[in-house]
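**Q** Given next are the chains, with one letter for each unit.
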Amino acid sequence: MIIHLRIWRQEDRTSKGRLVDYTVNEASEHMSFLELLDVLNEQLLQSGDEPVEFDSDCREGICGSCGLMVAGIAHGPQKRTAVCQLHMRSFNDGDTITVEPFRAKAFPIIRDLVVDRSAFDRIIEAHGYVSVTTGSAPDANAIPIPKETVDDAMDYAACIGCGACVAACPNGSASLFTAAKISHLGLLPQGQVEASQRVISMVDQMDAEGFGDCSNYAECEAVCPKGISIQGIARMRRAYMKGVLSA
Amino acid sequence: MKMMSALMSPVGRKVLTGVTGIGLVAFVIAHMIGNLTYLSPDPTAYNAYAYKLMSLGWIFYTIEILLALCFILHAVVGITIQVRRRQARPIGYKNYTSAGSPSLQGYSARSMIFTGIILLVFLVLHLISFKYGPGEAEGYIATLSTGEEVRDLRRLMTEKFHEPLYAFGYPIIMILLGMHMRHGVWSALQSLGVMSRRLSPLVYTLAAILGILVAIGFLFVPLYIYFW
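Chains as they are written, first to last, in this note's numbering: chain A, 1 to 247; chain B, 248 to 475.
Hints are not guaranteed to be accurate.
[Stated by the list, open to error] Stretches of chain A that chain B covers, calculated by requiring three or more beta carbons in the stretch to come under 8 Å of a beta carbon on chain B: (1) 72-83; (2) 89-103; (3) 167-177; (4) 200-208; (5) 217-229.
Hints are computed from structural coordinates only; laboratory data are not their basis. Ideal Cβ positions, reconstructed from N, Cα and C, are used throughout, including at glycine.
This is chain B alone, in the form it adopts within the complex (with noise of 0.2 Å):
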């Protein structure tokens, strides 16, 4: 019981953010190098690399509950804070600006909630589009270099991606998913106190190549579909 109501103090709330904000970017980092599989010259791997993840059985299902726990709480504090941000300033400022230097209140902190909802709804489309698309049933079938017949999701993303709303769409999309990792990493980092004078900086900045290369990484694989 006093562990639930430290959990929603004021530090609370922002170590769960932090916690649960970790958690997915590990899982998005892991499905981006996961995605570049696709380019593999060997047009088998792909459908391996998904098999061989459905194959771990319930360590696999452990994982995707732990994510869809991950999920569900980032969303919630996060759309808490935001509540909490209104209540706490009900009449705003008429002329308000930012200080600038060191305020780090640049438009990736600015859109966090925006940014997030968009990426909350994305998820669903995006479940929907791929995990719960066509698969063996509907006849996207592969054969494995081993003879197994599996899944076929490389035919499946070839397909989607060869849509212009999916092509064009997604890599917006994982733009959006660049920016919330860019206040997301640091922010997350100074939410759970690993923080000091010296490291501050390094983190901030590192935060930012981490959105870079996870966004570049996801919105290859659509472009490359679309346009080769």
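Just chain A, with the same shape it has in the complex (with noise of 0.2 Å):
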């Protein structure tokens, strides 16, 4: 199949971008998004020109290392999936599909397609974990929990941080990652000790970072590779609100 492409293109941090086309004539049906990319880069570095960058790392939809803006979603059309797991049979020979970087003040574009989404460490440097102590891993059925809440938390543990929920942020919302965390955290015992000052710490460096105010669109859930559910962040505000009232 034919693809025609609009690529985001950026020398650097500062400079200026622009939308550049190119047409790959090849393409299969059978390859990932990340795959196309490849092969244009291909023929990029043939004809001597510089390769489009981006990030990927295990091309399984599980690292949360890439995550592109395809034809106006973030990871593409194809529901509940990375964008290395997007194939191009989403798509139709001969299509013009625009690809453009995550976008947020929070996010500054490193080159091209790559942004620095260090923010995100950050919020979990804030307070997303359990102190605990280190040593041998503790029996699996020490605490018991019931399956239900044990469900709920896996499901929230399921964020891989890839940011697709900001990029796809009319508002440039950064409450989804952080309510998964919180809600992962929040649903489990070893998570209660510092729940109060979990959630105030995150939230707060959430704001710090720039990222913008929810106004329940939900955008997130529906690009979320994992499906986490808005649910998260009502939660998360129970969670705040608790916690600043008992402080």
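The task is to assemble the complex, starting from two chains supplied on their own in separate frames and drawing on the hints.
**A** Structure (structure tokens):
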């Protein structure tokens, strides 16, 4: 299949970027979208041009490294997959696909389609953890936890921190990411001790990083490769109010 | 102080918008039901209702002050959220589209800032036309069945809604109000954290029904006056 691409090219953090048109003549419907970009880059290298920079690592949809706005949607039109698991069969022969980086002030562009998502790391550093003595792994069933609670916590723990929620949010809010981490830890007994401190520190850090406010559009849930529910955001707000009132 | 900074946090801003929004929804519903007394077969019912409200005295003024606070806070926080939205993404996308369900990014959600600003401007005009409009001093006097002489709001309303600008302008604004409530009611409850997997879809549907009912309840009276 023939695929036309309009890709955001930007030299470095400070330079002005622009959309550049490319055509890949030998695309296959079995390729992932990132493999299509690999083919394009080979083309570019052969003609002596600079390849398009983009992030990827596991290419199995579990690491959270990749993330692109494909045809106007974070991770592309295929639901519940990262862009590495988006295959060209989702498109038609002759399609023109616009590819842009995840855009947010808190995610500055490094080059082309690569953005700096270390703002997420700083939200985790703020208190996205439980303080436990490390050592050998504890006995798996030492603390009884209801199955439903574990399932809920696991659903939130599935967040891979890719940043699609921020990219898709019309307000550039990081509420879903922050809420997933808070809910994952807050649902489990190990997370209770620092629950109030955690939610306040993480929400404050999210604000300090310059992410926008949530308007309950639920666009984040629609693009999340792990389908994390905005119920987590409601849970984060409850935890925050509880934390403030009990402090 | 700690409470203040908590209210100014991203969660606090949403809680403020939600709480004030719910206060405003309560007001809007009460106002709409009050307006429907215009349709009562008893022609003094509407003026009697307005008079009764005013004679609540300090309770009435306390509610007025609370509502004014709700309006101001709701608008200030809403505009702040909009300003922060621009700051959070200084360079927008060339190509952006909603991913569709479960996204709730419909017309009503996307237009909150516009419907909100229009409603704010409307509120000021509305208060000038009616609340601070002609009263007893200008000869708008009605006699209730009890014999009391009160402000004839019914006459003012009848006159105003015979003007096409009012008769058709008001219904349009009320449709915008319905849209604002469609996203607003659901959003307020989600902002206050009173949500669960089972409740969410129900609340989202009920918000739509409430928005439609309030819009119809309000726009019916002006159109009734103009056409009948």
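**Q** All hints are to be evaluated individually against the structure, with a verdict given for each.
**A** Hints and how they fare:
no. : hint    : in the structure
1   : 72-83   : holds (count 5)
2   : 89-103  : holds (count 3)
3   : 167-177 : holds (count 6)
4   : 200-208 : holds (count 5)
5   : 217-229 : holds (count 7)
Violated hints are absent here; each numbered hint is respected by the structure.
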